[in-house]
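Colleague: Sequences are here, hints too, so could you generate the full structure?
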Amino acid sequence: MIEKKRILIVFGTRPEAIKMAPLVKEFEAQNEFFDTKVCITAQHREMLDQVLSFFEITPHYDLDIMKPNQNLYSLTSDIIVNLKPILEQFKPEYVFVHGDTTTTMAASLAGFYSGAQICHVEAGLRTFNMQSPFPEEMNRSVTGVVTNIHFAPTTTSKQNLLKENKKEENVIITGNTVIDALLYSVKKVNSNEFKDVETDELKTIIHPNKKIILVTGHRRENHGQGFIDICKALKQ
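Just so you know, we're using this note's numbering here: the sequence shown kicks off at 34 and counts up by one.
Please keep in mind that the hints were generated in silico from the structure rather than gathered at the bench. A few of these clues could be false.
Unchecked claim - Taking lysine-lysine pairs in the DSSO-like style, the calculated list, with each CA pair at most 30 Å apart, reads: (1) LYS244 x LYS70; (2) LYS117 x LYS70; (3) LYS199 x LYS228; (4) LYS199 x LYS58; (5) LYS221 x LYS236; (6) LYS200 x LYS236; (7) LYS70 x LYS200; (8) LYS70 x LYS100; (9) LYS37 x LYS117; (10) LYS124 x LYS199; (11) LYS58 x LYS244; (12) LYS38 x LYS200; (13) LYS265 x LYS243; (14) LYS58 x LYS265; (15) LYS268 x LYS196; (16) LYS117 x LYS58; (17) LYS243 x LYS220; (18) LYS243 x LYS268; (19) LYS70 x LYS268.
Said to hold, decoys possible - Here are the computed distance ranges between Cβ atoms for each label pair: (20) GLN83 x GLU59: 13 to 23 Å; (21) TYR146 x ASN198: 16 to 26 Å; (22) GLN83 x LYS236: 33 to 43 Å; (23) SER165 x TYR217: 46 to 56 Å; (24) MET171 x GLU201: 18 to 28 Å; (25) ASP229 x GLN103: 29 to 39 Å; (26) HIS240 x LEU195: 18 to 28 Å; (27) GLY259 x MET171: 19 to 29 Å.
Glycine included, C-beta positions come from ideal geometry on N, C-alpha and C.
Modeller: Shown next, in the form of structure tokens:
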């Protein structure tokens, strides 16, 4: 009988949930090899719940740490403290985190303290400026320090990690899991079982033979000059 590997997947925001959903689905599909648990911090409560519902993911643990006037001090400490009993009870061999949020950094530290192997999805993104984006650049840099397996989306991301003296055998180029999430979403939306008023309206507006460009941007680039630059690049 195969001894299952214990996997804990931790995320807290809507973007994290979208990009980690394909991993959750794949681990669940291979449950003869993996004992997989999902833990959410609910750093983005309402937006996170929408994604979980769409991808049909039910978390095993919900830290529900957000509260009025939350700051980075309390957010970081609350995540670490509340993860401790879960890590002690489940004893995961691998803790998966994603990207550059406070959840990412705090969960990677908590997992490191527990002795688990840290697996960082979308690893290696760098601006080399700790103040921009803040605190994301620090979050992903600190996470990289305690990570055992780095899943880099691009060659550039891999090179960034190698320049930080990460071992090449521990850096794996995977592409971006948002593509897997997109393919899952297209298949689901086009199925007869899926019903959504807004999606049905979009289908009547968008010509079936027109190519669609999906653009996702950081919240700081969704307005002002950042948004103008994105539109100019797309026009080219």
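Colleague: Any of the earlier hints contradicted here, and which numbers?
Modeller: When the structure is compared with the hints, numbers 1, 3, 6, 14, 15, 19, 22, 23, 26 turn out to be violated.
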